[in-house]
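> Add chain Z with the ligands to chain S, keeping to what the hints say.
Here the protein sequences line up with chains S and Z, keeping their order.
For reference, each letter of the first sequence is one residue, going 15 to 735 in the working numbering.
For reference, each letter of the second sequence is one residue, going 486 to 638 in the working numbering.
None of these hints come from the bench; they were simulated from the model.
Predicted model only: the values in this text are computed from it and were never measured.
The reader is advised that the hints may include incorrect statements.
[Stated by the list, open to error] In the BS3-like style, the derived pairs of lysine-lysine whose C-alpha atoms are separated by at most 25 Å in a straight line are:
| no. | chain 1 | residue 1 | chain 2 | residue 2 |
| --- | --- | --- | --- | --- |
| 1 | S | K227 | Z | K492 |
| 2 | Z | K636 | S | K676 |
| 3 | Z | K628 | S | K574 |
| 4 | Z | K628 | S | K614 |
| 5 | S | K334 | S | K501 |
| 6 | S | K574 | S | K628 |
| 7 | S | K615 | Z | K628 |
| 8 | Z | K576 | S | K227 |
| 9 | S | K628 | Z | K576 |
| 10 | S | K222 | Z | K576 |
| 11 | Z | K492 | Z | K600 |
| 12 | S | K628 | S | K209 |
| 13 | Z | K636 | S | K222 |
| 14 | Z | K628 | S | K676 |
| 15 | Z | K576 | S | K676 |
| 16 | S | K430 | S | K277 |
| 17 | S | K227 | Z | K636 |
| 18 | S | K550 | S | K535 |
| 19 | S | K72 | S | K30 |
| 20 | Z | K492 | S | K235 |
| 21 | S | K569 | S | K550 |
| 22 | S | K222 | Z | K492 |
| 23 | Z | K628 | S | K222 |
| 24 | S | K628 | Z | K628 |
| 25 | S | K227 | Z | K628 |
| 26 | S | K717 | S | K654 |
| 27 | Z | K576 | Z | K636 |
| 28 | S | K293 | S | K430 |
| 29 | S | K209 | Z | K576 |
[Stated by the list, open to error] Here are a few chain Z residues that face chain S, going by a calculated C-beta distance under 7 Å:
| no. | residue |
| --- | --- |
| 30 | T506 |
| 31 | I560 |
| 32 | Y585 |
| 33 | H614 |
| 34 | I617 |
| 35 | C620 |
| 36 | A621 |
Every residue gets a Cβ at the ideal spot worked out from N, C-alpha and C, and that includes glycine.
If you want the building blocks of each chain, they are given just below.
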Amino acid sequence: MENTSSLSFSRRSFLKTSTLAGGGMLIGFNLFNSCSPEAKVPVDLADLNYNDFNAFIKIADNGAVTIFSPNPEIGQGVKTAMPMIIAEELDVAWENVLVAQGVLDTKNYTRQVAGGSQSIRQGWDALRQTGATARQMLVNAAAAKWGVDPSECTTEEGVIKNANGETLGYGEVVKEAALLEVPENVTLKEPGDFKIIGGDITNVDIDKIVTGKPLYGMDFKREGMVYASVLRPPAFGNKLVDFDDSAVKAIPGIIDVVRFDNKIAVLAGSTWEAMRGKKALKAKWEEETKAESTEDHDRILTGLLDGNKFETMRADGNVKKAFREADQVLERTYESPFLPHNCMEPMNFFAHVTTNKIELIGPIQTPAGTANRVARKLGRNIEEVTLEMTRMGGGFGRRLYGDFVLEAAEISHLAKKPVKVVYSREDDMSAGIYRPAIKYRISAAIKDGEITGYHLKEAAINSNMYGLIPNFFPAGAISNYQVDVAKYDSNITIGAWRAPYTNFLAFSEQSFFDELADVLKKDRVQLRLDLLQNVKGTTDDRIQYSPERMEGVIKLAAEKSGWGKQSDGVYQGFSAYYCHNTHVSEVADVVIERGRPVVKKITCAVDCGIVINKLGAINQIQGGAIDGVGHAMFSNFSFKDGVPSANNFQNYRLIRMMETPKVEVHFIENELSPTGLGEPALPPAGAAVANAIFAATGQRVVKQPFIENMDLKTVKKEVIG
Amino acid sequence: MPTYNLKVNGESHTVDVAEDTPILWVLRDHLNLVGTKFGCGIGQCGACTIHLDGDATRGCLLQVSQVGDQSITTIEGLSEDGSHPVQQAWKEIDVPQCGYCQAGQMMTASSFLSKNPSPTNEEIRQAMHGNICRCASYNRIEKAVATAADKLS
Ligand code: FES
Ligand code: FES
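Just chain Z, same shape as in the assembly:
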């Protein structure tokens, strides 16, 4: 199997996996970074959202061979100690119910806010529309994104 050099959360890793392996499974099964979640595998739910050079990207659709030297950030790398404003806001608002979707929600939110630091509520709702929360903690997700925006500005 081919080997790939990956830059994940500022560290280099070499993995030996089939070229069509989605980065989601490389992270989870090979690099032990299980914060990135599997929800659908077809780009519909957003549970697997990571940043690829800062852009929110679906980890289940991105094959390891497509990454090249772009750098990957996962929830573990957003900040290790939970100090990123988005993580802070998530704690403050107590967003999670089961919590399973929340890593993906936070990765979508943090990438969105880095591009639009003072969004309107409508923009927040549009930006978060691609992430499913089966527990429907949507009201709090919306509020937490707004709270994180306040912290960032």
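Same shape as in the complex, but just chain S:
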């Protein structure tokens, strides 16, 4: 679109209706243009065509409603929740709504991203406006038919009623409605009148999931498609020198061997043959950049924390002075390992590159950006690229990176065949884009029983905390406050991992406040509430969290967990955190069984504004909290000479059923706009557990995973709670 300029928020600019060839009405809307008041839209609305929209509602002649959900589904539930919002304002019965994943390609769809827990928060207004506008157009059409004023009409579950008690179904007026002007001002429902939002709606793909229908990228097949298993460098920093594929080619079923970039692909007619073929490859590698080890990283990151090469992300007051004048200083260093994502569905993608077309199909969190990268890499025009998303067997950030899509496209291009790249678990874990190893050092200055200074230092591999994080708690609560970051450039690839940075920062900070409470001889909950008092009424608009909402979740978690009233043998740990626009507080109940800490229960209090789908929301919170407990307790990942320490589940530990706590979820009830839930329950979990472990054993665990970094020999007690 060349002719663009900034217009203010307008319903018209992101909505367009038309009649469908087969009958019925199609409403296109642009979820993302409508999000920000400064969104760019074409000046001449007549220029809009359906390529400018990224989501659609279809209302058929018989009144059946199909909602095409635009955003990638990675298990976070948006494919159910986003259509629920439209259906609510459209005022139809959920049973009559069919949800389909938008038919996706990069020409018709832009900015479809599953990341940062933002789909619901950013889609809320647009989805409501869209549903309400469609409803109003149907009402207007019915009113015209009856010759009454639209304001005399009401709707209920897809039926329009007038003052005389006459009724018309949506399907009966849809033809006329599609020809009407898009109304400028529509009334949205009062939250108190919601019938679908706030309910318990089952996952829209549930029937397919429980009967094993093809849904995921792994399940996708195309006539003539070959499977590719790729040999990648065994160690970070290695370069391919040469390879011998004579043994591979002798194996029946092998179709081709293709060298590309720094890798070799073995192509076969089935996944197993391709994987077996890859094992028979003999490749020679050499060190191109130095092979790195976790031992070196530990030394380097500690050196950074001890040094003075920091970038300051936020500085309030005078931290130096506060520490100089302190009666007492508390300082702790917290350490976390690299972590692989380990999506349950290993990375995979289908590509078919021909002379005039590039077709890409599979699981990806960033379809638009990835399609562009493929076009650039192959020197092709983006217009030639189409991309379809499948349901994803987990994302956790890993599928933001389209490295595996590029591989599929390149192999297809070289082999001139439709190709599906399939990672084994070993490939998936050892060619990762990991959560970086990080160390935090936190110090607090204490004077006259008050915290007068707070200094947080971050040392990380390759990349540091971003933009807004330094403005999270306790920014604003402590007058002398500083956040400094430093990084070390490594050849190990790192990236976003569920709740980037905060997944470990929350652990560090909330463990630190637990210890601070002891030093100050204050109740742990009270200390947090007292600090929040200092932020109330702040004029600092950089502050991201709301002290009132934080206070709300803290009090609710304390109440629901029976904080301070636990039974004998049960030890509790407290934690509260804000990230991804959602406030969460968690209390962990830990007991000691057979000389080991066992997490029995996590009580979560969550403020995410209006809860769209209770059933889905609880699943997200439970999953996030357990994920947080599991990785903090058990998961470890390191490097020795560039080689990962683990490559499958026999040497990488994920939490399993018998280690899983019960997670109780409580929501703050309010009518504020909804925020996301895919990430915010994870960060607070680690500290809740660590603080409970301290209560149970007197040990402060400052390094993850806990189970490998505790002194278990001194944990003597065996108390079954």
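Same frame as chain S, now just chain Z with the ligands:
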């Protein structure tokens, strides 16, 4: 390559594959039954769980040549229409997040319940311990197994 006759979900199939091919890949790539999932390939995650004469078995470790005349049941054969009590319970509790592990979870649960129709919670947790759910929908899995047990009794 040798041919094998397989009994899958009550139907006979003949496949022509290498003898060391795991049944997981025979089902997925050759018989188009993609409900059985690949997660690790080394027997650690349970995503590939099928029934071999009713017993929960790891499809990634079982080679096609080892099957003989034992009958295989996959998630597609648990019931086609989702009417098996375990599938019903999974829907009722809305267990899945991403859903990828759930076929394996249901196959483990259904085999377990056929042998122990009224398990304690502890027995359920032990029985399901071998199946990883990366999304950690464990609370609901536990509840769904108990719900399925109620339906069966
Ligand atoms: S794929 Fe068979 S146990 Fe993981
Ligand atoms: S639901 Fe995603 S792995 Fe279990």
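> Given the hint that K636 (chain Z) pairs with K676 (chain S), test it: the Cα-Cα distance must not exceed 25 Å.
holds (23 Å)
> Is the Cα-Cα distance between K227 (chain S) and K492 (chain Z) 25 Å or less?
OK: K227 (chain S) and K492 (chain Z) at ~20 Å, within 25 Å.
> Sort out whether K535 (chain S) lies within 25 Å of K550 (chain S), counting only the CA atoms.
Holds, because 24 Å separates the two Cα atoms, which is no more than 25 Å.
> Next pair to validate is K717 (chain S) with K654 (chain S); report whether the Cα-Cα distance is within 25 Å.
holds (19 Å)
> For the pair supplied as a hint, K628 (chain Z) and K574 (chain S), confirm whether the alpha-carbon distance does not exceed 25 Å.
holds (21 Å)
> Holds or violated: is there a CB of chain S closer than 7 Å to the CB of C620 (chain Z)?
With a closest approach of 5 Å, the C620 (chain Z) hint holds.
> Should the interface hint for I617 (chain Z) be scored as holding, given a Cβ-Cβ cut-off of 7 Å against chain S?
holds (6 Å)
> Within 25 Å, alpha carbon to alpha carbon, are K293 (chain S) and K430 (chain S)?
The hint holds at about 23 Å.
> Hey, does the I560 (chain Z) contact hint survive, CB to chain S under 7 Å?
holds (4 Å)
> For a C-alpha distance cap of 25 Å, please report whether K209 (chain S) and K576 (chain Z) respect it.
Distance ~21 Å between K209 (chain S) and K576 (chain Z) Cα, so the pair holds.
> Within 25 Å, alpha carbon to alpha carbon, are K492 (chain Z) and K600 (chain Z)?
holds (22 Å)
> Does the structure keep K628 (chain Z) and K614 (chain S) at a Cα separation of 25 Å or less?
At roughly 16 Å apart (the allowed maximum being 25 Å), K614 (chain S) and K628 (chain Z) satisfy the hint.
Checked against the numbered hints given earlier, this structure breaks none of them.
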